[in-house]
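Residue numbers (the numbering used here), protein chains in the order written: chain A, 19 to 334; chain B, 19 to 334; chain C, 19 to 334.
None of these hints come from the bench; they were simulated from the model.
Do not take every clue at face value.
Identical chains share a label here; the pair holds if one copy fits it or two copies do between them.
Taking lysine to aspartate or glutamate and the EDC-like style, the derived pairs with C-alpha atoms no more than 16 Å apart in a straight line are [what the hints assert, rightly or not]:
| hint | residue 1 | residue 2 |
| --- | --- | --- |
| 1 | K114 | E299 |
| 2 | K61 | E51 |
| 3 | K114 | D298 |
| 4 | K285 | D307 |
| 5 | K208 | D251 |
| 6 | K223 | E280 |
| 7 | K186 | D251 |
| 8 | K186 | D307 |
| 9 | K148 | D305 |
| 10 | K61 | E50 |
| 11 | K186 | E213 |
| 12 | K282 | D305 |
| 13 | K61 | D244 |
| 14 | K223 | E241 |
| 15 | K61 | E80 |
| 16 | K285 | E178 |
Here is what each chain is made of, one letter per residue.
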Amino acid sequence: MARVEQTIAHRHVLASQQFDPRLIQRLFVRAEELQLTLDDPRKHQKLGNLLAGRLMFTIFYEPSTRTRISFAAAGQHLGMQVIATENAREFSSAAKGETIEDTIRVLCQYRPDVIVLRHHETGAAERAAKVSTVPILNAGDGTGQHPTQALLDLYTIQQEAGRLDNLKVVIGGDLAHGRTARSLVYLLAKFPSNEIIFTSPESLKMNRDIIRYLKRRGMSYSETADYRTALKDADVVYWTRIQKERFEGAGTIEPFVIGAGELKLMKKDAVLLHPLPRVDEITTEVDNDPRSAYFRQAGNGMFIRMALIEWTLGLL
Amino acid sequence: MARVEQTIAHRHVLASQQFDPRLIQRLFVRAEELQLTLDDPRKHQKLGNLLAGRLMFTIFYEPSTRTRISFAAAGQHLGMQVIATENAREFSSAAKGETIEDTIRVLCQYRPDVIVLRHHETGAAERAAKVSTVPILNAGDGTGQHPTQALLDLYTIQQEAGRLDNLKVVIGGDLAHGRTARSLVYLLAKFPSNEIIFTSPESLKMNRDIIRYLKRRGMSYSETADYRTALKDADVVYWTRIQKERFEGAGTIEPFVIGAGELKLMKKDAVLLHPLPRVDEITTEVDNDPRSAYFRQAGNGMFIRMALIEWTLGLL
Amino acid sequence: MARVEQTIAHRHVLASQQFDPRLIQRLFVRAEELQLTLDDPRKHQKLGNLLAGRLMFTIFYEPSTRTRISFAAAGQHLGMQVIATENAREFSSAAKGETIEDTIRVLCQYRPDVIVLRHHETGAAERAAKVSTVPILNAGDGTGQHPTQALLDLYTIQQEAGRLDNLKVVIGGDLAHGRTARSLVYLLAKFPSNEIIFTSPESLKMNRDIIRYLKRRGMSYSETADYRTALKDADVVYWTRIQKERFEGAGTIEPFVIGAGELKLMKKDAVLLHPLPRVDEITTEVDNDPRSAYFRQAGNGMFIRMALIEWTLGLL
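Produce the entire structure from the sequences given, and follow the hints as far as they go.
In structure tokens form, the structure reads like this:
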């Protein structure tokens, strides 16, 4: 019983801030290596031996099919087995009033090697980690953290722009409600000489805590509602969705849409990102432009998750 | 990245009409071979090496537990890993307005080997195939196609009746709303000298487009509401469910039920099929009659799907 | 086809009463062996060869995430593949009126090696077993049986108390509605010289059929509403939840809670069990007391299920 009851200091993935630039680089090197191996038909099969016989639980208290499938595929490409629940909130002991701590304690008794947790309450992943005897990978907890999304955004910038410093990054759309935009700002601030240009309707501006944070760090930033002008100098454009009901009260009739016309304004080697799903804030006519990197970005998420799984298990 | 972005002409399974008699025979030979191997305890284990390390996604926008389990079992008996979602419509980016094309593009980034798709909209599988970098297997799209069901029906006729031509086939029940009956007619028309007898309440007759199709092809057919007489000469009886609410307006008090009495009318080597689930249109008292083939028919679905998976991957 | 249509006398797990003390001991020896092997990093990997290539279906007509994950993990640690449905009642042919017998007949056609069944109707597992060509493991059917829960409770008593006879066992909480308490009584009655003390609010007393059963067997028992006094002499305390809405009508204002104070009353080598989930009837302050065995108890469930899977397959 020793293995289960002894509390070891585990490597959990809880918040994007826990990773310093050095570890980030190590993860990114490994993610790229994993991608090259998986996409090489001659080496592909070997990946499946790396974590053969290991077990992943994906425990989702709210649905997020894409994130769940991405984690499961990450595990299975490495040879893991996966046990999933799609909607633990409705379908489980949680409905009877069980705490997340008790749930995690019980799940650990079933001897998984890692637990991927998506929860509707901020801080749930950290509470889980406190009692877990295996690594917890936070797949989003409420309005709190979604660290693997933040890392995959940064990884995609490195892959597509070739660097993580000296970048002009335009972040646009609904900045008041988007978790991904906030996390990206924190991560970009860890690397030198980046400049951030926020562009959004007046009523959907980035919250002041982030602005104060940038000021404290002495990082260059600006804010504008004129997104087309902002696009012109950007090395990276990170675009997000404005939900219709929010837009209508936004005091503007200009839709924040990137189409063929807007792409023409952008630099030839710019990178266009989006956390997806998109509705119509990027038109499909630009999907095949080499600068449009949002589908590759989604795929990068899986490779980052593969690298993180290895790291939590002490293999990286 | 080449593997993902290069669009290759894939083998998709989209519609039952895409298969010509020669390919159908190749699939049927392989399906039978797979069944014999799986049911042989000495050879059973080897099957699992055929597609070891390959990954299947089963993406179901509407629930169809039986079809989903059948595809998953088909993949797993061949050694594949399976990642499933039971109700993608409610639980995913689709709820946020994402198109099926975007969803498929993202899923392909997670490097599955095949995607099994069930969707509520007619034509969804074809739209998916247009952007997919891996084979799409249509597990039913709206009122459109369900090609693996159609093929398993035909395969069962060959297995049970020993041939696909020169057959008198009675198709009965609710012909106005049943997709399976329609597909079967199209497939039977590809083989020579088959004759079809439709039997249904007057208000639930087969749609006229199918009747016109049979006339154009010069295929023998007839229609009758007297199902008991129709059963007498049949080589094959394909029976379907009449939903109660439809029956009541059907202008008849005669229930379309096959029981012990009806089976006595049938030929000794006739074959009784049903796509299942059945409610009471075939009574359980005839389940053990050797002519009752509907449970074997369900099992045949898995073997057809195994053969189709191999075919989409270029292994057949 | 012979394999499927021939009805063989299978080993099903349907009811806790089906196991005699000798078989129970054999299962417990194997469960412990499996636990030691799984928790030994040098032997861990070998377990996965035992049932490699075998297939488990977990068919749940009502959600029970914990039981489902426990069975799936049991199978996967032994090397099995698992195909799951979380909510078959809503999502399947059952919604169209299909009987459990037909569903099982079809599922068997997909060649699983075992079917784990959770159903909302009492007796469903037995009906399933009558038509199944593979072993059925009952994961709870309505208000009827949940045999693996009963066995894991008994196993935990043996593991923690060191024996299954000569025990004073306090069973407390809502005894009128708890299935687990009833099953435990039946199993304890199979071993000599056990004494049972029931403690509950007056209105939630154990049903008279159990009391009559104990009288018939000449087994010692008593009933009391004074749970604190009852705790003092107990070798084993089996505590259950009282749902709030039931408690309010229970004619008492005393909450049936075990906390630090109550634990002080208990013997130093007593064992405190709970089927989980708990809400506040055992306070978290006693979780780390060595007598608190409820999380280990949950884990034991998986090892019992592993042993039972082996037994149903004729490997034990």
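Taking the hints in turn, this is what the structure says about them:
{"no.": "1", "hint": "K114 with E299", "result": "between (41 Å within a copy, 13 Å between copies)"}
{"no.": "2", "hint": "K61 with E51", "result": "within (11 Å within a copy, 31 Å between copies)"}
{"no.": "3", "hint": "K114 with D298", "result": "between (41 Å within a copy, 11 Å between copies)"}
{"no.": "4", "hint": "K285 with D307", "result": "within (12 Å within a copy, 65 Å between copies)"}
{"no.": "5", "hint": "K208 with D251", "result": "neither (22 Å within a copy, 62 Å between copies)"}
{"no.": "6", "hint": "K223 with E280", "result": "neither (21 Å within a copy, 56 Å between copies)"}
{"no.": "7", "hint": "K186 with D251", "result": "within (7 Å within a copy, 73 Å between copies)"}
{"no.": "8", "hint": "K186 with D307", "result": "neither (20 Å within a copy, 57 Å between copies)"}
{"no.": "9", "hint": "K148 with D305", "result": "between (43 Å within a copy, 14 Å between copies)"}
{"no.": "10", "hint": "K61 with E50", "result": "within (14 Å within a copy, 33 Å between copies)"}
{"no.": "11", "hint": "K186 with E213", "result": "within (5 Å within a copy, 72 Å between copies)"}
{"no.": "12", "hint": "K282 with D305", "result": "within (14 Å within a copy, 63 Å between copies)"}
{"no.": "13", "hint": "K61 with D244", "result": "neither (48 Å within a copy, 64 Å between copies)"}
{"no.": "14", "hint": "K223 with E241", "result": "within (8 Å within a copy, 66 Å between copies)"}
{"no.": "15", "hint": "K61 with E80", "result": "neither (36 Å within a copy, 37 Å between copies)"}
{"no.": "16", "hint": "K285 with E178", "result": "within (14 Å within a copy, 66 Å between copies)"}
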